[in-house]
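Sequence lines, in order, name chains A and B.
Using the numbering used here, the first residue of the first sequence is number 9, and each one after it goes up by one.
Using the numbering used here, the first residue of the second sequence is number 86, and each one after it goes up by one.
Calculated directly from the structure, the hints in this document are not laboratory data.
It is possible that some hints are incorrect.
[Claimed, not checked] Below, computed lysine to aspartate or glutamate pairings styled on EDC-like, alpha-carbon distance capped at 20 Å:
1. B:Lys-314 with B:Asp-276
2. B:Lys-501 with B:Asp-339
3. B:Lys-225 with B:Glu-201
4. B:Lys-242 with B:Glu-201
5. B:Lys-342 with A:Asp-165
6. B:Lys-225 with B:Asp-444
7. B:Lys-501 with A:Asp-76
8. B:Lys-501 with A:Glu-204
9. B:Lys-448 with B:Glu-467
10. B:Lys-448 with B:Asp-473
11. B:Lys-342 with B:Asp-444
12. A:Lys-139 with B:Asp-339
13. B:Lys-283 with B:Asp-339
14. A:Lys-139 with B:Asp-227
15. B:Lys-225 with B:Asp-410
16. B:Lys-448 with B:Glu-431
17. B:Lys-501 with A:Glu-201
18. B:Lys-435 with B:Asp-215
[Stated by the list, open to error] Beta-carbon label-pair distances, calculated as ranges:
19. B:Asp-339 with A:Ile-219: 51 to 61 Å
20. B:Asp-469 with A:Val-147: 41 to 51 Å
21. A:Arg-171 with B:Thr-484: 44 to 54 Å
22. B:Thr-274 with A:Phe-128: 46 to 56 Å
23. B:Ser-520 with A:Val-293: 53 to 63 Å
24. B:Asp-469 with A:Phe-128: 40 to 50 Å
25. A:Val-140 with B:Ser-520: 31 to 41 Å
26. B:Gly-232 with A:Leu-30: 52 to 62 Å
27. B:Glu-428 with A:Leu-127: 50 to 60 Å
28. B:Glu-428 with A:Val-88: 46 to 56 Å
29. B:Gln-284 with A:Val-140: 55 to 65 Å
[Unchecked claim] One side only, chain B facing chain A, incomplete, derived with CB under 10 Å:
30. Leu-187
31. Thr-191
32. Gly-210
33. Tyr-212
34. Asn-369
35. Gly-373
36. Asn-386
37. Pro-498
38. Asp-506
39. Thr-515
40. Asp-517
Here the structure is a predicted model, which means the values were calculated and not measured.
Heads up, the beta-carbon is just placed ideally off N, CA and C, and yes, glycines get one too.
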Amino acid sequence: MTKAKKIHHFTKRDYSAFIYLLPWILGMLIFQLYPFLSSLVYSFCNYKITGTPEFCGLNNYIQLFTTDNEFWNSLMVTLVYTLYTVPGKLVMALAVAVFLNRNIRGINLIRTLYYIPSLFGGSVAVALLWKVMFMDTGVINSILNTLHLPSVQWLGDPSQALRTICMLEIWQFGSSMVMFLAALKNVPGDLYEAAEIDGAGKVRMFFSITIPQITPIIFFNLIMQTIQALQNFTSAFVITDGGPMKATYVLGMKLYKEGFSYFKMGYASAISWIIFIIIMVITMVLFSSSTKWVFYSDEG
Amino acid sequence: MKKRIIAGLLATSMLVSLAGCSGGGAASSETASTAGTSEAATSASTDSGETVTLRFAWWGGDDRTNATMEVINQFMAENPNIKIEAEYGSSDGYHDKLATQLASGTAADIVQIDPEVMPSFVATGDYFLDYSAEGFDLSKFDPNYIGQRINGNYDGKQLGLPTGIAGPALVANADLAEKYGIDFSTQYTWDQFIEWGKQVHEADPDTYLLCANKEYIANLVFFTYLKQKTGKTLFDEETKAFNYTEEDIQNCLDLIKSLYDNNVCPPSSYSSAYSNDDLQSDPNWIAGKYVCTFAYISTMNVMMAANESANYTTGQLPVMDGAQDNGWACNCPQLISVTSSCEHPEAAMKFLDYFFNNDEASKTLGCVRSVPPTEQARTVCEADGSLDPDMMEAANIVTAYGGQSNDKYSSTPESKQIIIDTIEAVSYGTVDTASAAADMYSQLSNYISAQ
Chain A
9 MTKAKKIHHF TKRDYSAFIY LLPWILGMLI FQLYPFLSSL VYSFCNYKIT GTPEFCGLNN
69 YIQLFTTDNE FWNSLMVTLV YTLYTVPGKL VMALAVAVFL NRNIRGINLI RTLYYIPSLF
129 GGSVAVALLW KVMFMDTGVI NSILNTLHLP SVQWLGDPSQ ALRTICMLEI WQFGSSMVMF
189 LAALKNVPGD LYEAAEIDGA GKVRMFFSIT IPQITPIIFF NLIMQTIQAL QNFTSAFVIT
249 DGGPMKATYV LGMKLYKEGF SYFKMGYASA ISWIIFIIIM VITMVLFSSS TKWVFYSDEG
Chain B
86 MKKRIIAGLL ATSMLVSLAG CSGGGAASSE TASTAGTSEA ATSASTDSGE TVTLRFAWWG
146 GDDRTNATME VINQFMAENP NIKIEAEYGS SDGYHDKLAT QLASGTAADI VQIDPEVMPS
206 FVATGDYFLD YSAEGFDLSK FDPNYIGQRI NGNYDGKQLG LPTGIAGPAL VANADLAEKY
266 GIDFSTQYTW DQFIEWGKQV HEADPDTYLL CANKEYIANL VFFTYLKQKT GKTLFDEETK
326 AFNYTEEDIQ NCLDLIKSLY DNNVCPPSSY SSAYSNDDLQ SDPNWIAGKY VCTFAYISTM
386 NVMMAANESA NYTTGQLPVM DGAQDNGWAC NCPQLISVTS SCEHPEAAMK FLDYFFNNDE
446 ASKTLGCVRS VPPTEQARTV CEADGSLDPD MMEAANIVTA YGGQSNDKYS STPESKQIII
506 DTIEAVSYGT VDTASAAADM YSQLSNYISA Q
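Construct the complete structure from the given sequences, taking the supplied hints into account.
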């Protein structure tokens with residue numbers, strides 16, 4: 009490529025593209041990159057939100073790892089939450105996608121219905137609804153009692169509360185499901201035909217053809233859901249406020265409490281960077297493992 | 086390979102955008118909970134130099150909001166050159182948002198503040214104007230009352246004004262109390278209170294003596310009992326020394342444990358669904374299955390309104406034999422302050438003069454922020470019939486107790502959270518009171534040493 013040809017690329021039209029991109033670029037710089045970098049700086053500072061930041065070196069990190077027992081509890085709760093919700097959501101999404109991947113009457117309506125919970129996403133209203141449903145005197149216990157089953161302390165029992173929150177997350181499987189559905193439709197039909205001729209059953213075809221064919225989407229969903237689960241906040245905040253007995257006190261909750269209740273922004277920034285590093289490490293591990301189990305058709 | 090690269094880029098961008106803004110998630114839900122605020126309201130629309138716009142932020146229920154809006158409208162009708170924009174909503178996340186706004190200089194001109202949160206703002210910046218320096222007419226306030234730190238006076242500067250006289254109150258279901266032969270009108274001890282609790286729950290396993298959650302137990306039992314026992318507050322404000330021994334704390338935790346163990350109050354696993362200021366939503370309270378609750382004067386009418394079929398009264402609060410201090414302290418429900426970022430302090434002071442000192446405003450506001458703070462306003466409300474007799478009686482009772490207010494370190498959210506968490510652990514029975522006291526002592530020592 010010659011120099012003249014390179015210069016030729018920067019015509020007036022190219023610049024105009026940047027103008028169209030400007031709102032996004034500015035938004036990214038101001039609302040994402042700037043907070044991202046400033047939180048790194050603050051994580052090394054003793055910074056009360058209404059005061060001025062004072063540099064304190066690694067103190068926040070040292071305190072988190074050495075004297076703050078709550079941090080270790082939060083980390084454990086977050087990891088357990090992730091271990092419950094990510095596989096749960098993926099299995100649920102895939103199962104429903106397989107069920108919906110057929111041509112029956114009204115299938116579009118059924119698909120929409122299954123997707124609705126995801127539209128509500130991390131909304132406060134849905135979390136509140138969940139809270140009311142799962143209270144001791146809520147509708148779920150009323151149903152159990154009608155069936156002559158004993159009431160369950162869905163939110164008041166420390167050993168049960170996290171599972172209740174996980175159920176909300178798993179229930180919102182719609183976006184993963186839509187992607188699985190698209191991937192299932194892209195699996196070449198001739199593979200199934202060939203397998204059928206060879207005498208393979210439905211289960212064998214599912215595990216030997218469907219699953220390998222959709223591994224890129226499984227991988228994509230796995231990464232995205234893991235990142236999302238490690239950052240959970242809304243459900244724990246709205247439904248249980250991190251309790252009872254800190255059983256749902258995920259790292260997002262701890263970050264919020266330290267930052268916005270105790271106004272310790274430097275400490276909260278350190279927590280956010282630890283969450284970031286954990287997410288990055290887990291993502292890298294997943295990426296490096298992907299060479300062993302993800303099948304890309306263009307790699308033949 | 087290309088797909089893998091694209092997938093990698095997508096994941097990285099999501100990771101950066103979400104991890105970097107982890108706090109953003111918090112902020113957005115908090116904003117949602119303070120519905121009704123005009124976020125984009127701008128102050129200082131002083132384009133022509135004639136019309137001044139002020140922003141006034143508060144939290145509260147419908148009654149408070151409607152009465153405050155009416156006062157604003159009355160004032161604007163009299164002062165057409167001053168426009169007041171209301172920013173109201175729930176108390177959830179109110180102070181989180183206010184802290185962020187104070188730090189960024191975007192707080193409303195006039196703000197309502199929890200007196201227990203105020204010290205953490207005052208300690209970290211010069212965020213509020215001194216009413217005295219601005220020439221505000223304070224003559225209608227009792228100087229002894231507004232001279233206290235809890236009522237807005239910091240080192241001689243009147244940085245906030247109390248919106249009323251408040252404090253703890255006993256709200257009792259008179260019919261149930263009579264049914265069980267409980268008399269709250271004369272002084273009784275904690276031991277007597279526990280005996281009543283046992284008696285009530287034994288007579289009817291669905292009924293409890295006290296409606297309370299862990300936050301109320303911390304705020305109203307823990308602090309009060311220890312003040313009664315030792316005559317001191319948790320920390321010494323001057324030296325930051327711990328005023329209680331581990332044994333004192335254990336003693337108090339034993340009392341709290343006996344409240345739960347003897348079914349004086351419902352188990353934590355039940356009350357956790359109605360945490361913080363949500364006691365009035367407890368279906369058992371609504372159904373009249375509690376004999377009483379320790380409430381706050383400013384919100385006792387909310388508790389009473391939750392069950393209109395019951396006949397509520399107020400009464401005395403428990404005090405131990407040989408108490409060093411009565412413990413039950415009168416304070417104010419909220420402070421109203423003018424922020425330093427206010428560009429038109431004279432207009433803000435003019436409005437607040439109307440808000441606090443005008444008879445018409447006093448009549449309109451009635452008891453929406455507890456018993457009014459000035460004698461004049463109380464007289465006006467009494468004559469008008471808008472002074473709630475139960476609130477007034479509760480205010481008289483707690484004023485008569487005259488206990489000490491909490492020190493500024495023990496009432497911060499961080500310190501309170503340590504206490505609440507310990508109480509929760511004791512109530513669930515996952516830890517014995519001796520270990521819980523040792524743990525609380527160590528955590529509070531760490532906390533105070535960082536102040």
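Verification of the supplied hints:
Of the pairs offered as hints, the one joining Lys-314 of chain B and Asp-276 of chain B holds, with about 14 Å between alpha carbons and a cut-off of 20 Å not exceeded. Taking the CA atoms of Lys-501 of chain B and Asp-339 of chain B, the gap is about 18 Å. The hint holds against a cut of 20 Å. Of the pairs offered as hints, the one joining Lys-225 of chain B and Glu-201 of chain B is violated, with about 24 Å between alpha carbons and a cut-off of 20 Å exceeded. Distance check on the hinted pair: Lys-242 of chain B and Glu-201 of chain B sit about 17 Å apart at the alpha-carbon level, within 20 Å; holds.
Restraint check for Lys-342 of chain B and Asp-165 of chain A: satisfied, since their Cα atoms lie roughly 18 Å apart, inside the 20 Å limit. Distance check on the hinted pair: Lys-225 of chain B and Asp-444 of chain B sit about 12 Å apart at the alpha-carbon level, within 20 Å; holds. The hinted pair formed by Lys-501 of chain B and Asp-76 of chain A meets the criterion: a straight-line CA distance of about 17 Å does not exceed 20 Å. With a C-alpha separation of about 67 Å, the suggested pairing of Lys-501 of chain B with Glu-204 of chain A is violated against the 20 Å cut-off.
A C-alpha spacing of about 9 Å is found between Lys-448 of chain B and Glu-467 of chain B, which places the hinted pair at or below 20 Å, so the restraint holds. For the hint linking Lys-448 of chain B to Asp-473 of chain B, the alpha-carbon distance of about 12 Å falls within 20 Å, and the restraint holds. For the hint pairing Lys-342 of chain B with Asp-444 of chain B, the CA-to-CA distance comes to about 48 Å; that exceeds 20 Å, so the pair is violated. Taking the CA atoms of Lys-139 of chain A and Asp-339 of chain B, the gap is near 32 Å; set against the 20 Å cutoff, the hint is violated.
Taken as a hint, the Lys-283 of chain B and Asp-339 of chain B pair is honoured in the structure, with Cα atoms around 16 Å apart against an allowance of 20 Å. Our distance criterion of 20 Å between C-alpha atoms is broken by Lys-139 of chain A and Asp-227 of chain B, whose separation comes to about 45 Å. For the hint linking Lys-225 of chain B to Asp-410 of chain B, the alpha-carbon distance of about 30 Å lies beyond 20 Å, and the restraint is violated. Only pairs whose Cα atoms come within 20 Å are accepted, and Lys-448 of chain B paired with Glu-431 of chain B is rejected, the gap being roughly 24 Å.
Proposed proximity of Lys-501 of chain B and Glu-201 of chain A is contradicted: the alpha carbons are some 67 Å apart, above 20 Å. Restraint check for Lys-435 of chain B and Asp-215 of chain B: satisfied, since their Cα atoms lie roughly 14 Å apart, inside the 20 Å limit. Distance hint for Asp-339 of chain B and Ile-219 of chain A: a CB-CB separation of about 59 Å, consistent with the stated range 51 to 61 Å. Roughly 45 Å separates the CB atoms of Asp-469 of chain B and Val-147 of chain A, a value that falls within the hinted 41 to 51 Å.
Our hint of 44 to 54 Å for Arg-171 of chain A and Thr-484 of chain B holds, since their Cβ atoms are close to 48 Å apart. The hint said 46 to 56 Å for the Cβ distance between Thr-274 of chain B and Phe-128 of chain A, and at roughly 51 Å that hint holds. Between Ser-520 of chain B and Val-293 of chain A the Cβ separation comes to about 38 Å, which falls outside the hinted range of 53 to 63 Å. The supplied range of 40 to 50 Å is met by Asp-469 of chain B and Phe-128 of chain A, whose beta-carbon atoms lie about 47 Å from each other.
Distance hint for Val-140 of chain A and Ser-520 of chain B: a CB-CB separation of about 36 Å, consistent with the stated range 31 to 41 Å. A C-beta distance of roughly 56 Å is found between Gly-232 of chain B and Leu-30 of chain A, which places it inside the suggested range of 52 to 62 Å. Taking 50 to 60 Å as the suggested C-beta distance range, the pair Glu-428 of chain B and Leu-127 of chain A does not conform, at roughly 43 Å. Between Glu-428 of chain B and Val-88 of chain A, the C-beta spacing of about 51 Å keeps the proposed range 46 to 56 Å intact.
The beta-carbon spacing between Gln-284 of chain B and Val-140 of chain A, approximately 33 Å, falls outside the hinted interval of 55 to 65 Å. At a threshold of 10 Å, the smallest CB-CB gap from Leu-187 of chain B to chain A is about 5 Å, leaving the interface hint in force. Because the closest C-beta pair between Thr-191 of chain B and chain A is about 13 Å apart, greater than 10 Å, the hint is violated. At its closest, the beta carbon of Gly-210 of chain B sits 5 Å from a beta carbon of chain A; the interface hint therefore holds under the 10 Å criterion.
Residue-level restraint check for Tyr-212 of chain B holds (minimum Cβ-Cβ distance to chain A is 7 Å; threshold 10 Å). Taken as an interface hint, Asn-369 of chain B checks out: its beta carbon lies about 8 Å from the nearest beta carbon of chain A, inside 10 Å. The restraint placing Gly-373 of chain B at the interface with chain A is violated, with a minimum CB-CB distance near 15 Å, outside the 10 Å limit. The beta carbon of Asn-386 of chain B comes no nearer than 24 Å to any beta carbon in chain A, farther than 10 Å, and the hint placing it at the interface is violated.
Annotation: interface hint on Pro-498 of chain B holds; nearest CB of chain A at approximately 5 Å, less than 10 Å. For Asp-506 of chain B, the suggested interface contact is upheld, since its CB lies about 7 Å from the closest CB of chain A, less than 10 Å. Given the 10 Å rule on beta carbons, the hint for Thr-515 of chain B holds: about 7 Å separates it from the nearest Cβ of chain A. Checking Asp-517 of chain B against chain A: minimum C-beta separation of about 15 Å lies over 10 Å; hint violated.
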